[in-house]
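K.L.:
Produce the complete structure using the sequences and hints provided.
Taken in order, these protein sequences are the chains called A and B.
Position one of the first sequence corresponds to residue 18 (this note's numbering), numbered consecutively onward.
Position one of the second sequence corresponds to residue -1 (this note's numbering), numbered consecutively onward.
Treat the hints as calculated values from the structure; they're not laboratory data.
Possibly wrong hints are sitting among the right ones.
To be verified - Mimicking SDA-like on lysine to any residue, the simulated pairs with C-alpha atoms at most 25 Å apart in a straight line are:
no., chain 1, residue 1, chain 2, residue 2
1, A, Lys126, B, Thr103
2, A, Lys123, A, Glu61
3, A, Lys126, B, Lys55
As the list claims (entries may be wrong) - Now the stretches of chain A that chain B is said to cover, found in silico as 3 or more residues with beta-carbon under 8 Å:
no., region
4, 52 to 59
5, 115 to 127
By construction, the Cβ of each residue, glycine as well, lies at the ideal position given by its N, Cα and C atoms.
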Amino acid sequence: AQKVTQAQTEISVVEKEDVTLDCVYETRDTTYYLFWYKQPPSGELVFLIRRNSFDEQNEISGRYSWNFQKSTSSFNFTITASQVVDSAVYFCALTQGGSEKLVFGKGTKLTVNP
Amino acid sequence: DTGVSQDPRHKITKRGQNVTFRCDPISEHNRLYWYRQTLGQGPEFLTYFQNEAQLEKSRLLSDRFSAERPKGSFSTLEIQRTEQGDSAMYLCASRPGGGILYGYTFGSGTRLTVV
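P.N.:
Shown next as structure tokens:
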């Protein structure tokens, strides 16, 4: 069975602080994909990144970076120099290769205060 | 292209009534998905279409739920005899075929409140 755990329910930081959102996953498959989505108050899930299980390179996109470690089954997300506009709920999700179903974690609500 | 469109954005209905939601995916996307999200939880998979064929249904999709995608374009999700437990955000997503090389694009959802 697949499972995604986001242990941090809510995080509150002050603008310009760095913040890391944790994601731990479980799967028996060797081929799988991991995703991060952002859900602002408007409700739409905004795609941030996709990573497949064979690519453990970390990725940086502007202020966002992702650390994928198969040894600990983790796919953590760091926002550097956070901004108020980063306030949202962030979801980590997993799908097996060949499956069409995304399994989501419960999300982490990030509040960035000015 | 304006992305995945869902209608209505909000629906309030009395228990026992039937409701229908519509999703218009991105036009070149042949795969369409429905998810349900309750308060404080992540989205949960309901069903998936490839073109007009419904290829997978979750156990969450009880007999009161039915989804269609008649011409492989827009999709509808109907809930019959609504119950208070059906109150949730219903999200639609789409993606192109050809393997999971692309992220799923989600709509803004339909928020259902059953009173």
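K.L.:
If you draw a straight line from the CA of Lys123 of chain A to the CA of Glu61 of chain A, is it 25 Å or shorter?
P.N.:
Within the cut-off at roughly 16 Å; holds.
K.L.:
Confirm or reject the coverage of the region 115 to 127 of chain A by chain B under the rule of 3 or more residues with a beta carbon closer than 8 Å to the chain's beta carbons.
P.N.:
holds (count 8)
K.L.:
Does the structure keep Lys126 of chain A and Lys55 of chain B at a Cα separation of 25 Å or less?
P.N.:
Not satisfied, since the Cα-Cα distance of roughly 29 Å exceeds 25 Å.
K.L.:
CA of Lys126 of chain A to CA of Thr103 of chain B, is that 25 Å or under?
P.N.:
With Cα atoms ~21 Å apart, Lys126 of chain A and Thr103 of chain B stay inside 25 Å; holds.
K.L.:
Using a Cβ cutoff of 8 Å, are there at least 3 residues of the region 52 to 59 of chain A near chain B, or does the coverage claim fail?
P.N.:
holds (count 3)
Hint compliance for this structure: hint 3 is the single one not met.
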